[in-house]
Amino acid sequence: MHVTGDTVPAVMLDGVSFAYPGGPAALEDATLAVERGSFVGIAGPNGGGKTTLLRLALGLERPATGTVLLHGRPPGTRGGPRVGYLPQRAHLTAGSPVTVREIVSAGRLAVRGAFGPLRAVDRAAVAAAIERVGLAERADVPLRTLSGGMQQRAFIAKALAAEPALLALDEPTTGVDAASQETLAALLDELRRELGVTVLYVSHEFGAVEHVVTRLLLVRGRITFDGLPSELPGHLHDPSHVH
Amino acid sequence: MLRFEFMRLAFAAGAVVGLLAPAVGFFLVERRAALVGDGLGHLAFAGVAAGTLLGISPVGTALVFAVAGALAIQWLGTRRHAAGDQALALVFYTGIALGVVLVSAAGRLDAGLFAFLFGSILTVESSDLWLILALGGVAFLAIGLLWRGLVATTLDPEGSRVAGARVAALDTVVAVLAALTVGISMRIVGVLLVAALMTLPVIAAQRLAWSLSSTFGLAALVGLGSVLVGLTISYYADLPPGGTIVLVAAAVALVATVARPVGRAR
Chain R
1 MHVTGDTVPA VMLDGVSFAY PGGPAALEDA TLAVERGSFV GIAGPNGGGK
51 TTLLRLALGL ERPATGTVLL HGRPPGTRGG PRVGYLPQRA HLTAGSPVTV
101 REIVSAGRLA VRGAFGPLRA VDRAAVAAAI ERVGLAERAD VPLRTLSGGM
151 QQRAFIAKAL AAEPALLALD EPTTGVDAAS QETLAALLDE LRRELGVTVL
201 YVSHEFGAVE HVVTRLLLVR GRITFDGLPS ELPGHLHDPS HVH
Chain P
1 MLRFEFMRLA FAAGAVVGLL APAVGFFLVE RRAALVGDGL GHLAFAGVAA
51 GTLLGISPVG TALVFAVAGA LAIQWLGTRR HAAGDQALAL VFYTGIALGV
101 VLVSAAGRLD AGLFAFLFGS ILTVESSDLW LILALGGVAF LAIGLLWRGL
151 VATTLDPEGS RVAGARVAAL DTVVAVLAAL TVGISMRIVG VLLVAALMTL
201 PVIAAQRLAW SLSSTFGLAA LVGLGSVLVG LTISYYADLP PGGTIVLVAA
251 AVALVATVAR PVGRAR
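Keeping their order, the protein sequence lines are chains R and P.
Take the first sequence: its position 81, counting from 1, is numbered 81 in the working numbering, and each next residue is one higher.
Take the second sequence: its position 216, counting from 1, is numbered 216 in the working numbering, and each next residue is one higher.
Keep in mind that the hints were calculated from the coordinates and are not lab data.
Hints may contain errors.
As the list claims (entries may be wrong) - With beta-carbon atoms standing in for the labels, derived distance ranges:
1) P:F6 / R:T145: 44 to 52 Å
2) P:L35 / R:L228: 29 to 37 Å
3) P:V255 / R:E194: 51 to 59 Å
4) P:G60 / R:G23: 43 to 51 Å
5) R:A136 / P:G217: 24 to 32 Å
6) R:G15 / P:G144: 45 to 53 Å
7) P:D85 / R:R89: 22 to 30 Å
8) R:L195 / P:A251: 50 to 58 Å
9) R:A136 / P:S214: 18 to 26 Å
Stated by the list, open to error - Example chain R residues on the side facing chain P (calculated, C-beta under 8 Å, incomplete):
10) T99
11) I103
12) P142
Said to hold, decoys possible - Residues on chain R that point at chain P, a partial pick, calculated with CB under 10 Å:
13) P75
14) A94
15) P97
16) V98
17) R101
18) G107
19) L109
20) P117
21) V121
22) A124
23) F155
24) K158
25) A168
26) E171
27) L232
All of these numbers come straight from a predicted model, not from anything done at the bench.
C-beta atoms are modelled at their ideal positions from N, C-alpha and C, and glycine is treated no differently.
Bound-form chain P, shown alone (with noise of 0.2 Å):
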């Protein structure tokens, strides 16, 4: 499997987006907005579309988009125009919405847009990966370095600010994060799926974990694993790689919370 370079290229790049996406996800899900990844794949889908329809790269103009719906989400949930869930909806809808305007109008409302949904092995070029490895680099480094203050206004933003956090730029880097990774995610899982490999290893972390830093650490665990596992089941029984990774995923968290449910966890 690992001779073809194209599986080598996906197993790179989907080694940095299993650890990633659960490691942004993580904040995420704590933050009880686990829908923002959703949300934000569906605005890169909008992206995919409009890069297509200019003719420039699909994943630029996925990020870029991305990254201004995060923006959006949060401009309108701190300036108290829409309540949180509003705003995702907001920007949610007009996202799907937007995409699917701009395919069709560049006429490519077909089975290549498959790839962009739902993820393709065959579809990470190397220069792909140096994208994924740069933006992959650049979140973990912002995750390490912020790692305290996006713990404490997770943990208690109220508490945070009083003590001096600035709790909205710490909330703005979690969103932007979130976009990133949508955005160089969306090749292994597509953006359909992207916000479940964002938020399942999480959950399964939580039910296994005894503490704060072990659930992240368990969840970037899981998340790799189940990209690992999806991307070589992918190959060999020739399944779309977005899905059967997330399905992997999935089915960690099932078992996880089987065998511990939450009243029952640590």
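This is chain R alone, in the form it adopts within the complex (with noise of 0.2 Å):
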């Protein structure tokens, strides 16, 4: 977990450039700092470049220019922080009808590794886990029986379950009811207070996190602004960027 009065950023991003092959630049000479325990809203139109910058962040694309580092490490090398990641639209491919626990447990390999089998401790943290998101009765249930906004909390609950330092959300609310998405921005505003989870939260609506952003990120192909939510000029205040 976090260590409170570190002064290496959470996320560090510097001059960082990205294109899809064949395509036009994503993301062009984005640079911020984000310090550990903050809650960091990125904000902007579809295609405009958040989820780029998030998959930047985590080390799932490979800038073209610039350096990515988390925790002052390149990331997904050892002795770098542990990574709660729920991707844009989460959701099964395989053919089998894995339970909530299964898919939860799974978020157990940023703690123990690949190597053996699970611990009581770990079990307990994945039951803590599935607790948190309101599933804990229907934990040994398929996820594919369940709706699409529980289906969501079961996502949730894998990348808390890796009891994150860096907590990495894209769109997380989507297909989530509102009383849920209520929920979640306590939860997520719990852990960065007692614990100093960092967050990143990618949206295109931010109603139910809005009081808990301690950050906001508008990206446009850039970052055109970051800085606190209340700061964001009157002209950037669009309803279909930001809520």
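Each of the two chains sits in its own frame; use the hints to bring them together as a complex.
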């Protein structure tokens, strides 16, 4: 978990540019340093590069130029922070009936590695993550029998099971009802305040988390705004970009 | 039937193959890479041909060819030299063409080749059994120790990368396990049908299971049952074991699919 007072940024991008093969630049010259324990909302129009920014930060895409560091290390290297990740439109491709507990248990990979069985402490962490998203009674039910919103909550539990220092969520409220969005916002705020978890929250809709976001990035091919949500200039306050 | 040593050898080897092929095939099917087994089977055929030409153990050369092919598919795919199916096609057709050329050069384009293509209960030797037991044991040990990592990378490759897992290494483990399975299964079911034993029991199990781990267990049981029943039918009806075993597995998969279509599966 996060050590309070550590000055190395949770996420640092320096002059990062990126283009998908054969396409125009998806992101140009992105530079930012995210303090540990902050809740960063990443907003912008569709195709503006907000998911690309997140994927670059996590090491899922390699920048054409520039540097990306997580807790001072290149993403994916040993000794880096534990990361919980909820991808955009998370879904299962497996043909088997995967239960909620099985998918959430996969989140312990960040803690326990790939080798050997889960221990009692891991099973307890998985149960706690499932409990936190309100799926305890459906823990052993196949995911595909649940509603889209419940499935999304299971994937959020998977990210939480990693006991992450950095939680990266891409459109986490897709298909989730308003009450569950409020619950998620409260949970993320609690994780940030009590455990110092850094949250990167990509969304086109910030209604539920507006009051807990500590920093807002607006991405439109480049970072066009970086500051407190209350500082967002009126001309950028487009409902299609930020709630 | 079991008073004959060749049948005892066939059943012992078949039991290992029946459990292992679906266990490894489980990861291929869940990764939507079921045809990898087929591609490796064709490469194993080239290996058999090379062994025949060189006058050395065809099982050993088949294993070498299959493992090399698995690593090649993995390398071509991860380095983005070729899309997954293109890498598979390249290896697949190279294997079958090389096999035909080598077998022809060895002057063995005859009925004896059928034993390797479609399996034969007469061809399992005690040295084969020990090799099958040893490699099967190694494969099951690897699956047991790496179960969580293999499952996590199967369910969510990107999430596993972000979690710091060595996804490419785990993918290579699956590819090599598939190659080992092809190599040790070919005596029983033949190189052309081994992929069927890796996939059909998993398809059946997916319809009947209630979780990921139960799919794995049921697939292994269906595989074991198919081999034991298929070998028995093969013995009494004097049929090639590979085809008989795969027909039994296909029947189970068909019944399971009709009884519980994908949309209605739990």
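K158 of chain R as an interface hint toward chain P, with CB separation required under 10 Å
7 Å, holds
With a cut-off of 10 Å, does the beta carbon of L232 of chain R approach a beta carbon of chain P closely enough for the hint to hold?
Cβ of L232 of chain R sits 29 Å from chain P, so the hint is violated.
Note whether the CB distance of A136 of chain R and G217 of chain P lies within 24 to 32 Å or breaks it.
25 Å, holds
Indicate whether the distance between the beta carbons of D85 of chain P and R89 of chain R respects the range 22 to 30 Å.
23 Å, holds
Cut-off 8 Å, beta-carbon criterion: hint that I103 of chain R touches chain P:
Cβ of I103 of chain R sits 6 Å from chain P, so the hint holds.
Close enough to count: is the Cβ of V121 of chain R nearer than 10 Å to one in chain P?
14 Å, violated
Interface hint outcome for P75 of chain R [beta carbon to chain P under 10 Å]:
8 Å, holds
Restraint outcome when G107 of chain R is required to lie within 10 Å of chain P by C-beta distance
8 Å, holds
Agreement of hint F155 of chain R with chain P interface, Cβ distance less than 10 Å:
Because about 9 Å separates F155 of chain R from the closest Cβ in chain P, which is inside the 10 Å limit, the hint holds.
Have a go at the A124 of chain R hint: is there a Cβ in chain P nearer than 10 Å to its own Cβ?
16 Å, violated
Hold the hint about P117 of chain R up to the distance rule: shortest CB distance to chain P must be less than 10 Å.
7 Å, holds
Cut-off 10 Å, beta-carbon criterion: hint that V98 of chain R touches chain P:
5 Å, holds
Violated hints for the displayed structure, listed by number in ascending order: 2, 21, 22, 26 and 27.
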